[in-house]
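Participant: Starting from the given sequences, assemble the full structure and let the hints guide the process.
Protein chains: 2
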Amino acid sequence: MSTNRRFLLARRPAGIPVADDFVLSEEALPDLTDGQFLIRNRYASLDPAIRGWMDDAPSYMPPIPLGSPVRASTVGEVTASKSADFPVGTWVAGLNAIEEYSVGAAGGFTQAIDVSIVPSPTNFLSILGAVGMTAYFGYLRACEPKPGDTVLVTGAAGAVGSLVGQIAKLNGAARVIGIAGGPEKCARLIQRYGFDAAIDYRGKDVAALSAAIAAEAPNGVDVIFENVGGDVLDAGLNNLAMHARIGLCGLISEYNNPGEKTGARNVWQLIVKRATMRGLLVADYVPDFPTGITAMAGWLREGKLVFDEHVDQGIENALPAFLRLFSGTNDGKMILALGTEA
Amino acid sequence: MSTNRRFLLARRPAGIPVADDFVLSEEALPDLTDGQFLIRNRYASLDPAIRGWMDDAPSYMPPIPLGSPVRASTVGEVTASKSADFPVGTWVAGLNAIEEYSVGAAGGFTQAIDVSIVPSPTNFLSILGAVGMTAYFGYLRACEPKPGDTVLVTGAAGAVGSLVGQIAKLNGAARVIGIAGGPEKCARLIQRYGFDAAIDYRGKDVAALSAAIAAEAPNGVDVIFENVGGDVLDAGLNNLAMHARIGLCGLISEYNNPGEKTGARNVWQLIVKRATMRGLLVADYVPDFPTGITAMAGWLREGKLVFDEHVDQGIENALPAFLRLFSGTNDGKMILALGTEA
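In order, the protein sequences belong to chains A and B.
Per the working numbering, the first sequence starts with residue 1, numbered consecutively.
Per the working numbering, the second sequence starts with residue 1, numbered consecutively.
Just so you know, not all the hints are guaranteed correct.
It does not matter which identical chain is used: a pair holds within one copy or between any two.
Below, computed lysine to any residue pairings styled on SDA-like, alpha-carbon distance capped at 25 angstroms [stated by the list, open to error]:
{"no.": "1", "residue 1": "K82", "residue 2": "S120"}
{"no.": "2", "residue 1": "K273", "residue 2": "F289"}
{"no.": "3", "residue 1": "K273", "residue 2": "Y60"}
{"no.": "4", "residue 1": "K273", "residue 2": "V286"}
{"no.": "5", "residue 1": "K273", "residue 2": "N219"}
{"no.": "6", "residue 1": "K273", "residue 2": "P65"}
{"no.": "7", "residue 1": "K273", "residue 2": "T262"}
{"no.": "8", "residue 1": "K273", "residue 2": "G230"}
{"no.": "9", "residue 1": "K82", "residue 2": "G220"}
{"no.": "10", "residue 1": "K273", "residue 2": "P290"}
{"no.": "11", "residue 1": "K146", "residue 2": "D284"}
{"no.": "12", "residue 1": "K261", "residue 2": "P62"}
{"no.": "13", "residue 1": "K273", "residue 2": "D55"}
{"no.": "14", "residue 1": "K146", "residue 2": "H243"}
{"no.": "15", "residue 1": "K273", "residue 2": "Q36"}
Since the hints were made in silico from the structure, they are not lab data.
Facilitator: Have a look at this one:
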């Protein structure tokens, strides 16, 4: 293959992205300058945060420029190199884009990885990647967990949420409750991920969801790991234990809402319970990643962590694969396979 | 006087309290049992939190029972006693009610005070009372201030807010910005309380208020001491510096809103800036009050703190005096004088 297919952002989506927001271009392979190397991306990580980067709004990352490929973490192999540090054949992981080839440079964010320590290179986009590190540091640092805590995880069947529930149990939580959408996901929380209780948010308003949480946590929840926002967050806020801590990881219920934000209507409960809500972003913990990778790989080897990846095939399926994150039709961490041929 | 006039809660207010929500009763003085003492309340503290206690909603305090006097902090003199610890003539402060006489008991929340150390007994309801301790501990503990911080105080012309601004400057904040309603209050923030800048929220929507804050804090605010909520909080959230801390002291914009709460629509910004929002309540700091009282009294003696009290006269004016808190027609900490005759 001598061309590079790239999934470009053509215009900024209004709400849920649609096909006309993107263009699949076919371009010549880029030339390399000294110090650069060419990465044949094998897998791209599809994450809710990407939706935010498509907006022209200030955030923790600059917006994806129009006409540029959609930013994503990838793993791949070096297929051409003008860098002694990244010879041809090296496996690498980094923040690149949904495109068959990216250009890396020594000193950048791309790092060599040893794919032999895990069953699949995709694991570096999941349990040992940003998702796994978000769960590990987001829970252990931002939520300040204490032994015996009752922990509520929202978006619990998702990539981060399912790991947070398991880490909480491994770390000494007394009771871990997950909120997810639909009976299948709720069953999986308990049977596969070891949650103590699961609550289906579907068909429940804030009052009903609040009552369902109260039934599972009559003394309130000490920790909330929040991925969802909206009604789910409001119901959690109604069930705080004194001095509760809320790690705010994401608000996926709001990402496709172009109108007024819901936010946290019951923020008053923070005063009632003298609780703390802290925004968290995995980027803050990069210097500590080796600690997290060692710990997570250890639990993985000991069979103490299970994790699901949902791999869709082909760059031409980038949009429907991405939209699974918002329709909830993925069964695990969403990954897009970008082909195997060089 | 041998009767006790009491300001009773007759029904739960819907929104702004009205006259029919209350009854001014005249009752016989209560009999004392061993260990009890009778307090002739001289002054009652009128605080926004009282509005919350009028609702039948779970909070950090039980609701005021219907038919009971409206709960409030008071200072007064012991006029009859069956407690050796509280002889007749002792000045006391405690959480009692808007009534001419309350019954105290040794071992309860009522404490003897030395009114000679301050210009007026009312000071024990203001700068050395819950208001002053809320400002002192709420800022220094819940907001984790650092030298050089840019600090935003909302409700800055209020009792707590005006103290927070002064404490922030005394504690090493680089720049203290206050938000208040109207040009007079804004002028007072700068001229009387020493704020570096004042923003009038009136006539500004979230976008305009956000721009006004950005103009005064181009690098964002490191600390928000939040008393208001609603649009004001949303505008503050739009202007956070990285790792900002928000001390959530009150949400006065919501207390009379019986419908859906606004909360914090821009809570997403906590993630963008990895910021922390912490609910605070002065009750958590009671064991440390002696530290706070010593510090505040010291600053007061050194002429480093100014504080305004707005004293309205007479239990028959309890409702209009209380409503000043919501119309903003008070000039300082609202206190109701309950008469001087024994």
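Participant: Would you mind marking each hint as holding or not holding in the structure?
Facilitator: How the hints compare with the structure:
1. K82 - S120: Result: close neither inside a copy nor across copies, 27 angstroms intra and 80 angstroms inter.
2. K273 - F289: between (33 angstroms within a copy, 20 angstroms between copies)
3. K273 - Y60: between (29 angstroms within a copy, 7 angstroms between copies)
4. K273 - V286: between (32 angstroms within a copy, 16 angstroms between copies)
5. K273 - N219: within (12 angstroms within a copy, 31 angstroms between copies)
6. K273 - P65: Only across copies: K273 and P65 sit 22 angstroms apart there, 43 angstroms inside one copy, limit 25 angstroms.
7. K273 - T262: both (21 angstroms within a copy, 19 angstroms between copies)
8. K273 - G230: For K273 and G230, both the intra-copy (20 angstroms) and inter-copy (20 angstroms) Cα distances are at most 25 angstroms.
9. K82 - G220: Classified as neither; 57 angstroms inside a copy, 42 angstroms across copies.
10. K273 - P290: For K273 and P290, only the inter-copy Cα distance (24 angstroms) is at most 25 angstroms; the intra-copy one is 36 angstroms.
11. K146 - D284: both (22 angstroms within a copy, 20 angstroms between copies)
12. K261 - P62: For K261 and P62, only the intra-copy Cα distance (21 angstroms) is at most 25 angstroms; the inter-copy one is 32 angstroms.
13. K273 - D55: between (35 angstroms within a copy, 17 angstroms between copies)
14. K146 - H243: both (12 angstroms within a copy, 23 angstroms between copies)
15. K273 - Q36: Neither, since 53 angstroms and 32 angstroms both go past 25 angstroms.
In summary, the structure is inconsistent with hints 1, 9 and 15 from the numbered list given earlier, while agreeing with the others.
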